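Chemist: Residues per chain, in single letters:
Protein chains: 2
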Amino acid sequence: MNDKAFNGARVLITGGLGFIGSNLARRLLEAGAEVVLLDSMAPEYGGNLFNIDGIESRVKVNISDVRDPHSMRYMVQGHDYLFNLAGQTSHLDSMLDPFTDLDINCTAQLSILEACRKYNPAVRVVFASTRQIYGKPDYLPVDEAHLLRPVDVNGINKMAGEWYHILYNNVFGIHGCSLRLTNTYGPRMRVRDARQTFLGVWLRLVVEGQPFEVWEGRQLRDFTYVDDAVEALMLAALDKNSAGRVFNVGGDSVISLLDLARLLVELNGGGEFEQKSFPEDRKHIDIGDYYADDNLIRSVLGWAPRVALRDGLARTLAYYREYLEHYV
Amino acid sequence: MNDKAFNGARVLITGGLGFIGSNLARRLLEAGAEVVLLDSMAPEYGGNLFNIDGIESRVKVNISDVRDPHSMRYMVQGHDYLFNLAGQTSHLDSMLDPFTDLDINCTAQLSILEACRKYNPAVRVVFASTRQIYGKPDYLPVDEAHLLRPVDVNGINKMAGEWYHILYNNVFGIHGCSLRLTNTYGPRMRVRDARQTFLGVWLRLVVEGQPFEVWEGRQLRDFTYVDDAVEALMLAALDKNSAGRVFNVGGDSVISLLDLARLLVELNGGGEFEQKSFPEDRKHIDIGDYYADDNLIRSVLGWAPRVALRDGLARTLAYYREYLEHYV
Numbered sequence: 001m002n003d004k005a006f007n008g009a010r011v012l013i014t015g016g017l018g019f020i021g022s023n024l025a026r027r028l029l030e031a032g033a034e035v036v037l038l039d040s041m042a043p044e045y046g047g048n049l050f051n052i053d054g055i056e057s058r059v060k061v062n063i064s065d066v067r068d069p070h071s072m073r074y075m076v077q078g079h080d081y082l083f084n085l086a087g088q089t090s091h092l093d094s095m096l097d098p099f100t101d102l103d104i105n106c107t108a109q110l111s112i113l114e115a116c117r118k119y120n121p122a123v124r125v126v127f128a129s130t131r132q133i134y135g136k137p138d139y140l141p142v143d144e145a146h147l148l149r150p151v152d153v154n155g156i157n158k159m160a161g162e163w164y165h166i167l168y169n170n171v172f173g174i175h176g177c178s179l180r181l182t183n184t185y186g187p188r189m190r191v192r193d194a195r196q197t198f199l200g201v202w203l204r205l206v207v208e209g210q211p212f213e214v215w216e217g218r219q220l221r222d223f224t225y226v227d228d229a230v231e232a233l234m235l236a237a238l239d240k241n242s243a244g245r246v247f248n249v250g251g252d253s254v255i256s257l258l259d260l261a262r263l264l265v266e267l268n269g270g271g272e273f274e275q276k277s278f279p280e281d282r283k284h285i286d287i288g289d290y291y292a293d294d295n296l297i298r299s300v301l302g303w304a305p306r307v308a309l310r311d312g313l314a315r316t317l318a319y320y321r322e323y324l325e326h327y328v
Numbered sequence: 001m002n003d004k005a006f007n008g009a010r011v012l013i014t015g016g017l018g019f020i021g022s023n024l025a026r027r028l029l030e031a032g033a034e035v036v037l038l039d040s041m042a043p044e045y046g047g048n049l050f051n052i053d054g055i056e057s058r059v060k061v062n063i064s065d066v067r068d069p070h071s072m073r074y075m076v077q078g079h080d081y082l083f084n085l086a087g088q089t090s091h092l093d094s095m096l097d098p099f100t101d102l103d104i105n106c107t108a109q110l111s112i113l114e115a116c117r118k119y120n121p122a123v124r125v126v127f128a129s130t131r132q133i134y135g136k137p138d139y140l141p142v143d144e145a146h147l148l149r150p151v152d153v154n155g156i157n158k159m160a161g162e163w164y165h166i167l168y169n170n171v172f173g174i175h176g177c178s179l180r181l182t183n184t185y186g187p188r189m190r191v192r193d194a195r196q197t198f199l200g201v202w203l204r205l206v207v208e209g210q211p212f213e214v215w216e217g218r219q220l221r222d223f224t225y226v227d228d229a230v231e232a233l234m235l236a237a238l239d240k241n242s243a244g245r246v247f248n249v250g251g252d253s254v255i256s257l258l259d260l261a262r263l264l265v266e267l268n269g270g271g272e273f274e275q276k277s278f279p280e281d282r283k284h285i286d287i288g289d290y291y292a293d294d295n296l297i298r299s300v301l302g303w304a305p306r307v308a309l310r311d312g313l314a315r316t317l318a319y320y321r322e323y324l325e326h327y328v
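Residue numbers (my numbering), protein chains in the order written: chain A, 1 to 328; chain B, 1 to 328.
Hints are supplied without guarantee of correctness; some may be wrong.
Identical copies carry no separate label here, and so any pair may be met within one copy or between two of them.
Straight line, CA to CA, 25 Å or less: simulated DSS-like cross-link-like pairs of lysine-lysine [as the list claims (entries may be wrong)]:
| # | residue 1 | residue 2 |
| --- | --- | --- |
| 1 | 136 | 283 |
| 2 | 60 | 283 |
| 3 | 4 | 118 |
| 4 | 276 | 136 |
| 5 | 4 | 60 |
| 6 | 136 | 240 |
| 7 | 60 | 118 |
| 8 | 118 | 240 |
| 9 | 240 | 4 |
| 10 | 4 | 283 |
| 11 | 240 | 283 |
| 12 | 4 | 276 |
| 13 | 118 | 283 |
| 14 | 60 | 136 |
| 15 | 136 | 4 |
| 16 | 276 | 118 |
Simulated from the structure, these hints should not be mistaken for laboratory data. This one's a predicted model, so the numbers in the text were calculated from it and none came from an experiment.
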């Protein structure tokens, strides 16, 4: 990708102090963009000031919550690009408190888009969606023609949030598109718990020298290294052909959770895990295997993953061995 | 259907003073059910006290809004069946005020289901969804395997509302299912304007002796007479096989809007309409042809439409010739 296209571009990232947002910010800064990071710093989510360690003086940080339509109305103005990454991502939280999930993943998304429509209709918006909205696959790999059958409140609300973006593109001409991310991993992810992905808590525990849990283990998954996810987001923002479209983002390879656990232990130079059966209260969200068909984003936007799982995991382990204290 | 299954059943209908709700109430009363009608009587929607003319003393009316979680918490209790028909149905209103649509079609649905989960988990819930959530069909007739690609805020929110019902069935065991209704018509529909369907305003104008507008006219549609929709709702409530499922409800035949207009004028014994091109601001919601494949509900629930379009329209015209004053 030609990063120079972002030279001088004014960019707003919601969820900007989070995992993907902060990695995106770093790459955009290198490309010469003016970057504003909006984040609520709510402790349940991914925001972490250490994520911008070393670049604090080069980005503008604005603490506010996407649920606050007043600040959003002002904040969307004056930007060329909006990477809309703020979201509630936890399955369990969405089932315990579905209304908070709805506020963040639906109401706030609608208010961001309404603000864009009224105050910055020329902005180009990229929305971070999730493969979770597919539910249990009918076939593999899952392409964008697969039905959406979310298995939790979070999935339903993310589905609606994605569609608001497509709708505002189609009806109001606010350039919008959506990337359905799979398990994204890498430096700066939340590892305190499994709120972003189970892999976060695995990483933490293996680095701490504690055993981690593998539920079942035969499930197949794909994983995207965060730099590859960042590249997908940037390509989607730049390319006019992304308008009104939805793209799966996959990984470089497919692996079972058991093999992933083994790889993690190997790369860490030691560690333990325990295989368990799926907890009773989670069985309804056991979707079996999932991996994406991402030919659409490869052909339309020219994206391809560059970081192999083994390399990405090694880099991630190295990061948390050095900086774990800032994430627990 | 064996209506006796509802003898003595305690039934709550949200949107119960509206078009479909009030027709359903009449049939349930005949079957011997105890019927509570919950309605906000908000003037933009379908509630109309005249809809229960003659049965006022046999039903219990409770004026409250599904957006009020406090009254809903109480109201869902003590019922065997909940027909969840309250909704915002207007395309245009949803685009002008997306947050109200979200409150009614998402937040309120979630709060109804949460109330059921906490206070009446044995209730059986039937949700009134809409074919609008399909958007512009890829193929005809449209079956339930068709992707959902809503073309307005209303469609997105109804899609989420439907999925909450499926989810609460699958996760919490609250029996829930959803009927994707097409254009439903008949006595007691809103004819003051096109907020429920364009056919409402056609009926009003033709009865008033005024010309009505046909946009384009070649689009194919299917229509369900309200008694057939009521039967579908009742079958879905009774049959355990409906749990967690979504069913299209179609009509007895497919007709172009132009032919429908001609039929309406013929049955009315006169009238005029004007063919117009699609208004500019509506082009993005011009979905072309739609008609449902409803084999699933026919085979699983044994439903079939009984009232032909010609008969249904004639009955509807007769109703509004007599009672129009109560609907304008």
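Chemist: Checking an output row: residue 60 and residue 118, CA cutoff 25 Å. Within, between, both or neither?
Modeler: within (23 Å within a copy, 45 Å between copies)
Chemist: For the identical chains here, do residue 118 and residue 283 meet the 25 Å Cα criterion within one copy, between copies, both, or neither?
Modeler: The answer is between: 21 Å across copies meets 25 Å, while 44 Å in one copy does not.
Chemist: Go through the copies and call it for residue 4 and residue 283: within, between, both or neither, with a Cα cutoff of 25 Å.
Modeler: Answer is neither: 47 Å inside a copy and 38 Å across each miss the 25 Å cutoff.
Chemist: With identical chains, the pair residue 276 and residue 118 could be close in the same copy or across copies; at 25 Å between alpha carbons, which is it: within, between, both, or neither?
Modeler: Neither: 51 Å inside a copy, 30 Å across copies.
Chemist: When Cα atoms must be at most 25 Å apart, do residue 60 and residue 283 count as within-copy, between-copy, both, or neither?
Modeler: neither (43 Å within a copy, 41 Å between copies)
Chemist: Indicate which option fits the pair residue 4, residue 276 if close means a Cα-Cα distance not exceeding 25 Å: within, between, both or neither.
Modeler: neither (48 Å within a copy, 49 Å between copies)
Chemist: Checking residue 136 and residue 283: alpha-carbon separation at most 25 Å within a copy, between copies, both or neither?
Modeler: Intra 12 Å, inter 35 Å, cutoff 25 Å: intra-copy only.
Chemist: Within a copy, between copies, both or neither: which one fits residue 4 and residue 118 at a CA-CA cutoff of 25 Å?
Modeler: Classified as neither: same-chain Cα gap 29 Å, cross-chain 55 Å, threshold 25 Å.
Chemist: When Cα atoms must be at most 25 Å apart, do residue 240 and residue 4 count as within-copy, between-copy, both, or neither?
Modeler: within (17 Å within a copy, 60 Å between copies)
Chemist: Between copies, within a copy, both or neither: which fits residue 4 and residue 60 at Cα up to 25 Å?
Modeler: within (20 Å within a copy, 68 Å between copies)
Chemist: Can you tell me if residue 136 and residue 240 fall within 25 Å by alpha carbon in one copy, between copies, both or neither?
Modeler: For residue 136 and residue 240, the Cα distance is within 25 Å only across copies (23 Å; inside one copy 32 Å).
Chemist: Within a copy, between copies, both or neither: where do residue 276 and residue 136 come within 25 Å Cα-Cα?
Modeler: within (21 Å within a copy, 45 Å between copies)
Violation of the numbered hints given earlier is confined to hints 2, 3, 10, 12, 14, 15 and 16; the remaining hints are satisfied by the structure.
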